[in-house]
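S.K.: Listed below, chain by chain, are the residues.
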Amino acid sequence: MTSAGINSLLSFAICGCCLFVIPLAISGVTLVNTGLGRSRSAAHAMTCSLCVLGVAALAYFVCGLAVQGYPSHLDFLGGLDRGMLGRPHIFFLGVNESLQLLAAAFATLSVALASVIVLGAAADRWRIIAACASTAAFAGWAYPSFARLAQSWFLAQLGTRFGMGSGFLDAGGSGFINVTGGLTALAIAWLLGPRRGKYSSNGMPAAIPAHNAVFVLFGCMLAWVGWLGLNSAGAILYAGSPPERSVLVVINTTFCAAAAGLTAAAVTRIRFRRPDASLIANGWMAGLVASSAGCATLKPATAILTGLVGGGLVVFSVEFFEFSLKVDDPCGSISVHAVCGIWGLLAVGIFSGIPGQLMAQIVGIATLLGFIFPMTYGLNWLLNHIIPYRVSADGERQGLDLHELGADAYPEFVVHADEFMQR
Amino acid sequence: MFNKLLIMKLGGFLLLLSGWSIVVAALALLHGNAVSIFVLSGVAVEILGLILVARAHLPVGEGQR
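If you read the sequences in order, they're chains A and B.
Using our numbering, read the first sequence as starting at 27 and increasing by one per residue.
Using our numbering, read the second sequence as starting at 5 and increasing by one per residue.
Hint data in this document are derived by calculation from the structure and do not stem from the laboratory.
Just so you know, these numbers come straight off a predicted model, no measurement behind them.
Positions of the beta carbon are idealized from the N, C-alpha and C atoms, including for glycine.
Heads up, some of the hints might be wrong.
Claimed, not checked - With a straight-line Cα cutoff of 25 Å, these simulated DSS-like cross-link-like pairs (lysine-lysine) come out:
#, chain 1, residue 1, chain 2, residue 2
1, B, K8, A, K352
2, A, K352, A, K224
3, A, K352, B, K13
4, A, K325, B, K13
Said to hold, decoys possible - Here are the in silico distance ranges between beta carbons for each label pair:
#, chain 1, residue 1, chain 2, residue 2, range
5, A, T73, B, S45, 38 to 48 Å
6, B, L14, A, I296, 38 to 48 Å
7, B, R59, A, G404, 15 to 25 Å
8, A, E438, B, I11, 48 to 58 Å
9, B, A29, A, V276, 19 to 29 Å
10, A, R187, B, I41, 31 to 41 Å
11, B, P63, A, C43, 44 to 54 Å
Work out the full structure: start from the sequences and follow the hints.
M.R.: Quick look at the structure:
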């Protein structure tokens with residue numbers, strides 16, 4: 027067997043193994059979302075995540091892959107060429123070759139992760155049926171639209187056709203997973219409005235505490251493992267990296283998350299005199315998100331720098347959204363995934379050292395803000411008029427577990443009053 | 005007040021779309037340094053749109069201060 031053949035087989039094997047750990051990233055984000063929400067909506071948050079995962083996978087199966095197509099780098103397996111990849115159809119029709127299945131499986135898991143991100147900003151007030159409808163639109167249309175632009179259409183061709191570096195680089199999905207999910211989260215947080223009692227009549231926010239910090243921090247650790255798989259497979263499938271670079275991907279991802287988590291700890295220690303567990307968790311997640319775009323391109327030192335900026339940025343961003351924009355984002359999803367995802371995309375342009383790369387990344391970010399965000403806001407605005415998104419005031423007071431599911435997550439716990447709420 | 009907020013939202017989203025159109029048009033029609041200048045101009049228009057949308061979503065009364 028030739029060395030090219032061995033490389034191709036190794037790439038396929040690494041991608042295949044990574045597929046088995048990517049669900050840990052989804053589980054991690056789900057645990058973070060559940061832990062940062064309220065105890066009276068904990069079962070609802072987990073149930074909603076499972077429903078959303080199911081809807082995302084099926085919506086992607088029905089039309090998502092047909093919209094997205096295959097990435098232009100997907101030709102690493104020796105025997106296959108672009109012609110054999112063919113054109114995907116609805117219901118995965120024509121997806122028979124192992125390479126096609128690999129790309130389809132990776133994209134299905136990616137869209138599931140992006141869909142779960144959205145739930146964080148809508149915690150404690152979004153109806154399950156509305157979340158499912160919104161996810162169907164997101165996974166079937168909004169996510170695949172950007173993924174297609176980034177992986178095979180004009181953003182991927184910015185390097186070859188417009189002389190902008192290597193084209194839009196987003197190996198692990200800072201943009202097509204995290205920023206699309208984060209911007210959709212912002213659209214839904216705006217449409218839903220803040221939780222009852224979050225803001226007083228003079229506009230001051232109340233700190234509604236996370237109900238389980240252990241869930242949140244364990245979720246971060248699970249997400250770390252999942253992200254290693256996500257970035258490694260993404261680097262091979264979407265950035266055309268050779269298999270030996272997977273080690274660099276693992277190093278960059280870990281260093282970036284570590285630097286971001288520690289920066290968030292230091293910033294919160296300086297600002298609030300104590301390190302804040304939920305913001306440290308957000309910092310860790312922000313590092314993972316920021317690492318994705320450049321995981322195969324950056325050097326370890328620049329990955330650490332990316333993490334340092336990301337970890338500080340997320341703390342200030344959470345405060346900015348809560349205090350200045352009055353956006354109630356219980357899990358910090360918008361700051362972690364949208365803001366730090368955009369930072370991750372910019373970091374590739376700044377630190378990669380490729381001439382013209384920064385401009386390519388800016389064009390990609392402009393597409394996310396100017397095309398994907400209005401589209402996803404418009405879709406959700408329309409759906410909100412057909413299926414009202416928000417639970418009733420009574421349901422919110424009662425807690426979504428009892429209101430929507432009929433049973434509490436912790437039936438033996440004493441539910442205390444909302445003493446932290448401003449009246 | 006409701007109409008004013010609605011117009012602000014619509015205007016903001018129109019600015020977002022316009023900014024992206026400027027970016028795409030710059031790529032399709034221009035060459036050299038002009039592309040970078042127009043791409044950055046498009047992004048600036050998008051940022052204006054985002055600010056408008058964000059202000060339109062502030063609770064009533066907050067935007068007036």
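S.K.: Please go over all the hints and tell whether each is borne out by the structure.
M.R.: Taking the hints in turn, this is what the structure says about them:
1. Between B/K8 and A/K352 the alpha-carbon distance is near 19 Å, which keeps this suggested pair within the 25 Å criterion.
2. Restraint check: the Cα-Cα separation between A/K352 and A/K224 comes to about 9 Å, which is no more than 25 Å; the hinted pair holds.
3. About 16 Å separates the Cα atoms of A/K352 and B/K13, which keeps this hinted pair within 25 Å; it holds.
4. Taking the CA atoms of A/K325 and B/K13, the gap is about 42 Å. The hint is violated against a cut of 25 Å.
5. Separation of A/T73 from B/S45 is about 47 Å and conforms to the stated range, judged on CB atoms against 38 to 48 Å.
6. The hinted range of 38 to 48 Å is satisfied by B/L14 and A/I296, whose Cβ atoms lie roughly 42 Å apart.
7. A beta carbon spacing of about 19 Å between B/R59 and A/G404 agrees with the range 15 to 25 Å that was offered as a hint.
8. At about 52 Å, the CB distance of A/E438 to B/I11 agrees with the hint of 48 to 58 Å.
9. Range check, B/A29 to A/V276: Cβ separation about 41 Å, and the 19 to 29 Å hint is violated.
10. Look at A/R187 against B/I41: about 19 Å separates their beta carbons, and that is not inside 31 to 41 Å.
11. For the pair B/P63 and A/C43, the supplied restraint of 44 to 54 Å holds, since their beta-carbon distance comes to about 49 Å.
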